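There are 2 protein chains.
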Amino acid sequence: MMKASEWNVGRYLLRRLEQVGLKHVFGVPGDFVLGFMDQILESKVELITTCNELNAGYAADGYARVNGIGGVVTTYAVGEFSALNAVAGAYSEKVPVVAITGAPTVENRRHSAMLHHTLGNYNIPLEIFERVTVAAVSLADPVKAPEQIDRALRACLYHKRPVYIELPSDVTHRSCTEPGDFAFPEPMLSDAAALAEAVDEAVALLTARNNPAILVGVEIHRYGLQDPMNKLLKKTGYPFATMLLGKTALPEQNPQFIGLYEGMSSRDYVRERVEGAGGLLCLGTFMSDFNLGGFTAKLEDNRLIRAIDGRVRIKNHYYNQVGLKDFIERLTEKLSAGSPGSLDVRPAVDSCTHRKSAAFEPEPGQKLTIRRFYDRMAHFVQSNDVVMADTGTALFSAGEVFMPDEVTFIGQAFYCSIGYTVGAALGAALAAPERRVVVFVGDGAFQLTSQELSTLIRNGLNPIVFVLNNDGYTIERLITDGPYNDIQPWKYHLLPQVFGGGRGCDVYTEGELEEALEKARGNRGLTLIEVHFDRMDCSDSLRRACEQMAAQYKRSNPG
Amino acid sequence: MMKASEWNVGRYLLRRLEQVGLKHVFGVPGDFVLGFMDQILESKVELITTCNELNAGYAADGYARVNGIGGVVTTYAVGEFSALNAVAGAYSEKVPVVAITGAPTVENRRHSAMLHHTLGNYNIPLEIFERVTVAAVSLADPVKAPEQIDRALRACLYHKRPVYIELPSDVTHRSCTEPGDFAFPEPMLSDAAALAEAVDEAVALLTARNNPAILVGVEIHRYGLQDPMNKLLKKTGYPFATMLLGKTALPEQNPQFIGLYEGMSSRDYVRERVEGAGGLLCLGTFMSDFNLGGFTAKLEDNRLIRAIDGRVRIKNHYYNQVGLKDFIERLTEKLSAGSPGSLDVRPAVDSCTHRKSAAFEPEPGQKLTIRRFYDRMAHFVQSNDVVMADTGTALFSAGEVFMPDEVTFIGQAFYCSIGYTVGAALGAALAAPERRVVVFVGDGAFQLTSQELSTLIRNGLNPIVFVLNNDGYTIERLITDGPYNDIQPWKYHLLPQVFGGGRGCDVYTEGELEEALEKARGNRGLTLIEVHFDRMDCSDSLRRACEQMAAQYKRSNPG
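Taken in sequence, the protein lines are chains R and B. Heads up: the first sequence begins at 1 in the numbering used here, then just goes up one per residue. Heads up: the second sequence begins at 1 in the numbering used here, then just goes up one per residue.
Since the hints were made in silico from the structure, they are not lab data. Some clues are possibly wrong.
Chain copies aren't distinguished; within one or between two, either way the pair holds.
Unchecked claim - Subject to a maximum C-alpha distance of 27 Å in a straight line, what follows is the list of computed DSS-like cross-link-like pairs (lysine-lysine):
1) 554 x 3
2) 519 x 491
3) 231 x 519
4) 144 x 554
5) 325 x 234
6) 44 x 554
7) 234 x 3
8) 235 x 3
Predicted model, so just to flag it, every value in this text is computed and none were measured.
Could you put together the complete structure from these sequences and hints?
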């Protein structure tokens, strides 16, 4: 137990990080942040150093999606700017990440000293991070620092978006007040009248028409609203679908789960059921392009009830300050069970594109196809896995695999930064060491962030990483093909040897895949399985989503 | 020859890039930039795709340092943010880089459509890049685009700093006016009175006191002022030193070159000669910490004449709007030869720390040390090489190697982003394919950006890359050691095998190094030589520079 006089800004910050639930932070050292890193070593938070800062940021994001909050620690300018894309992705997909950067001393700042890593104007990093965070503070004064830290962390948890904390290297050891209990942010207080009217209108819409249904979105996961959702589902009997971002926000084993909705790319039944719903309740959903099959969704405004970002939109008008939890709970009170006849619920467990309920018999000599591979994966993923799918064929195909209970599916389906999963897997694996992490990442994507395999190996983690080698950037090929979609062919399966741990192998046929999966079962370290596919092999859903982008490309680039 | 009607915004931009001297641009595809990439393929500019965007940015920077200007092409948000750190480094070190990003359509922007890669507010990327560029434009209107493009490119060339061009994907094929000749920016017009008075005062200061000397800085390289400098040197006979950033701005073979000045870390003679100069002419120099031995330089204001950024500072007053070229030329007119007695010029060729004029006899069984390695390198670097040294032991030691004529030395000695050279080497090699590229990069630094070795191999380039394996981040170890300075040990020399080309080997002793160098001579592709050193082995100059940072660390982190 530390004496009041032993508290300083760095320790205060670390105590707060511990209190908000961070057991690990990710980062790369640099002289301006070494002092704080020493403090991390003495704290209850563990520092995991990564090969580079972009991957540290991705790791913090992956950690946050499993743990509820994540943290990345970098040095001034050179470190933090390298992590910016990861913070921007977290901002875009409502992932609570704390981005801390060690900075030059307050004294140096006053003199605008030409220190290494600086840009003339010392405010530039803060001004940049202000744009992709919900709070950005510079802890120049140890008296103000506690309030700044607390305010930033509350904003992070409240908005579920990143915050930025700049920590001058001469402030981190300055004394400050003792941190007491952390005052967690209160959930938003709903406007009672708006809530009541929104619920009434929603109920009226849902009950006046036929075939009501629910689209479950990622905010259900971010705000931990599984229990209220389960009560709503039980009361009403409504079927629900999820979208790519938000897949596994509720367990797929639920008999009211009908599958993945992705606009025109959905399975026929799912598309018809969702697009034929007289009233569609969209709870915490991002209505973004890939979530909607490349904006091919036929969801007319006058059928939609959309609850997200603390407000409810019905048709084209908004009820502001209506919290998602309150809305769900009040709907549960007011709605009665839909008439069974009009509910038309076909559980996905028996109809999902790739599912365990469909038997799989490997044909050993047969060259692997995307379809067969994911048919196999439906039997490979287990309860409690963290399944991560990178942007590319992986995201779209893994999105159509029926996930067992307790699986967390992670795909950056809105921001779509390729290579994200290699760093994010590090975070997910450390956030939940008792869970198996399975990663599907395309070859092109993997090349962006490949080095982080080394950190997975270094920390004795044992994810199974499938590198899908089809010789280039598939999504781009489907839009318009050109030499820029080609990549250098690597022998991905040799990387564990270079990085000093884990095992790698190379598979072409269904038989070879079976052997590789068997070996993976017995492997204590990281397993990298490089799977070869034909260049243009991908799911129909991806092909259709790309048709939209190809059409846009042709409109923009005539002749 | 294109008809007037065939010009569109993308082609216009490419014609301008060609006119300002770009033969290559570096980037990674994404759907918003595919249209522009197709236009690049039809243009005279060659598109070099890289593994990731940070390395594309570093490549553009390396290219610019050799070619005079460089270009990086990315997709919206996910691509450009990944490149931000490279653009910031170019901004900080006055490197002219054109950062082009493909963006969503103007139409989508108007609707704030939730497209993949977006962040809600479509202006965020431009607002971010405004802070690390000297011009930032979004080409929303094909009528205005030509003027915007021209203005941005002029700013780039004039200020020698990066500019940002956002290119909506529905604008790149819109018709626009034909590009005529490009109106290159005029050099700054010096204020005649300020110039005259600055010169008079400088001349008075230099001639009134003893032992005048010159510090040559990186602006001499950026603005191509070698000829005016040679005339000045010839007229006056003054000795000159360079600093890390700016090394080889003038040929080191010049008998008036006395060596590298690095504050307290300089060789005794250099330190005494520079710090003992009654008047010191600092031409185009960045007075930054690593340039000055960690701010250990004893350079009192009242001895200094500093010309940089378009103004001259003498002691503590400024003459604004005085161009460097004008200042040098006018000084050349007004100064006479220093009296030989007071000049005390000892050419570096015979006294530099690591030099060819010192015989080197390998001791085959002897384990390599940093000192012996760079003694050997002084015999290995050749005329016309591009020598690149990453931040770490490499920068400080290679900085003390005497460079033959026509060598361009590149080290990011002010911004100091580790791993920079792996991407930058790609740029340098393509900017000057007839020149040999030699890279010195520490193991810790290499891990940040290792994948770009693949692109060097892919493009049939043949740099020699020395990966200096001393098991971790040495600079940080010298400041304060901790587990965060450890890295995962890789078998770096196996990477060529993974990436599909080039050769790698592993050396511990002087004899093994000789064999490796011999093999490199005959190798047509990339050569990676992994050289093992003891952990704490580094140059005395680096050790001393780190003492400064360690002292700062101790001041900030008592107990």
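Intra- versus inter-copy proximity for residue 3 and residue 235 (alpha-carbon distance at most 27 Å)
neither (53 Å within a copy, 69 Å between copies)
Please sort residue 234 with residue 3 into within, between, both or neither, judging by C-alpha distance up to 27 Å.
neither (52 Å within a copy, 68 Å between copies)
27 Å Cα cut-off: does residue 231 pair with residue 519 within a copy, between copies, both or neither?
Close neither inside one copy (42 Å) nor across copies (72 Å); limit 27 Å.
Since the copies are identical, ignore which copy is meant and state whether residue 554 and residue 3 lie within 27 Å (CA to CA) inside a copy, between copies, both or neither.
The answer is between: 23 Å across copies meets 27 Å, while 68 Å in one copy does not.
27 Å Cα threshold - placement of residue 554 relative to residue 44
between (55 Å within a copy, 23 Å between copies)
Homo-oligomer pair classification [residue 554, residue 144; C-alpha up to 27 Å]:
between (55 Å within a copy, 23 Å between copies)
What label fits residue 519 with residue 491 when the C-alpha limit is 27 Å: within, between, both, or neither?
both (19 Å within a copy, 24 Å between copies)
My question is about residue 325 and residue 234: at a cut-off of 27 Å on alpha-carbon distance, are they close within one copy, between copies, both, or neither?
within (16 Å within a copy, 80 Å between copies)
Of the hints listed earlier, those the structure fails to meet are numbers 3, 7 and 8, in rising order.
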